[in-house]
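Undergrad: Okay, here's what each chain looks like letter by letter:
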Amino acid sequence: MLMSEDLRTGFTEVAREQLPWLYSLARRLVGTDAEDAVQECLIKAYRGFDNLRDEQAAPAWFRQILLNCIRERYRKQAGLPHEEPEDPLPDYSLFRKIAEVDPWPYSDSVHLDFLASFDEADVWEVLDRVDPRYRVPLVLVHMEGLSTAQVARMFSVAQGTVLSWLHRGRKLFEHELWDYATEHDLLKTSRGNLR
Amino acid sequence: MISCAEAVRHLWEYLEHDLDSVDHAQVEEHLAVCRRCCGEAEFAGALREFMTSAAPPELPVEAEARLTGFLDALEKETP
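Protein chains in written order, with the numbering used here: chain A, 98 to 292; chain B, 3 to 81.
Be careful, since some hints might not be right.
What the hints assert, rightly or not - Chain A side only, calculated, beta carbon under 7 Å to chain B, not exhaustive: (1) A112; (2) L212; (3) V220.
Treat the hints as calculated values from the structure; they're not laboratory data. Glycine is no exception: its CB is placed at the ideal position from the N, C-alpha and C atoms.
My request is simple: use the sequences and hints to build the entire structure.
TA: Written out as structure tokens, the structure reads:
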């Protein structure tokens with residue numbers, strides 16, 4: 098069935114309202130490829146727009162399409178991690194690393210000072226550095242609030258596999274936080290600039 | 003009692019209440035006696051808050067213009 102002009106115009110209006118948060122989610126999930134991912138999502142949504150019966154459901158509907166696009170993207174590219182991938186950082190602990198280096202020896206809250214040295218733009222840059230195979234589950238669970246069971250269903254894997262991805266993703270994120278802080282001299286400057 | 007490595011491995015699931023009751027109790031038992039892992043647990047909680055509270059990245063003006071243009075072009079196509 099061909100889409101009527103009214104329906105096409107309706108799609109544009111509804112889709113335009115979703116753009117800010119849709120981009121924001123894509124940015125967190127796929128980093129600098131966010132715009133491409135949103136375009137893919139818009140094409141699929143446009144083709145299936147007559148399936149959307151209730152405009153109130155548009156955000157959830159668009160989100161699901163975006164997540165499907167991203168899932169397909171990773172399946173085609175590198176694929177998601179195998180069930181038992183080698184742990185890239187088996188013993189890494191950012192907590193211990195900060196305690197060992199002790200960047201601010203006179204502080205009583207050196208670990209919190211470390212986190213306070215990052216601003217929000219830094220957080221997204223650090224996240225971009227995490228292997229996307231682990232970043233996607235990390236964002237979905239810890240930033241989008243999906244349950245591990247939902248992510249497991251989304252990727253057709255066992256819940257334990259998602260827990261393993263999350264564990265490794267968090268370790269990679271911690272490791273990248275430290276590297277980013279040292280590369281950007283955050284450890285030298287943050288004591289005078291605590292937020 | 004479980005080892006420090008095992009307790010640390012399960013800290014986030016412990017904080018998220020994602021462990022079954024047996025594992026949850028084991029982590030709790032470990033934290034009750036291990037000061038270092040208590041520090042790890044507090045830091046894991048702070049890190050979790052740090053991740054969840056970061057404001058989402060905004061749609062840049064240029065990207066919004068491009069995506070709006072893309073939508074307009076899409077509207078002219080017949081699916």
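Undergrad: Any hints this thing doesn't respect? Which numbers, in order?
TA: Checked against the structure, no hint fails, so every one of them is satisfied.
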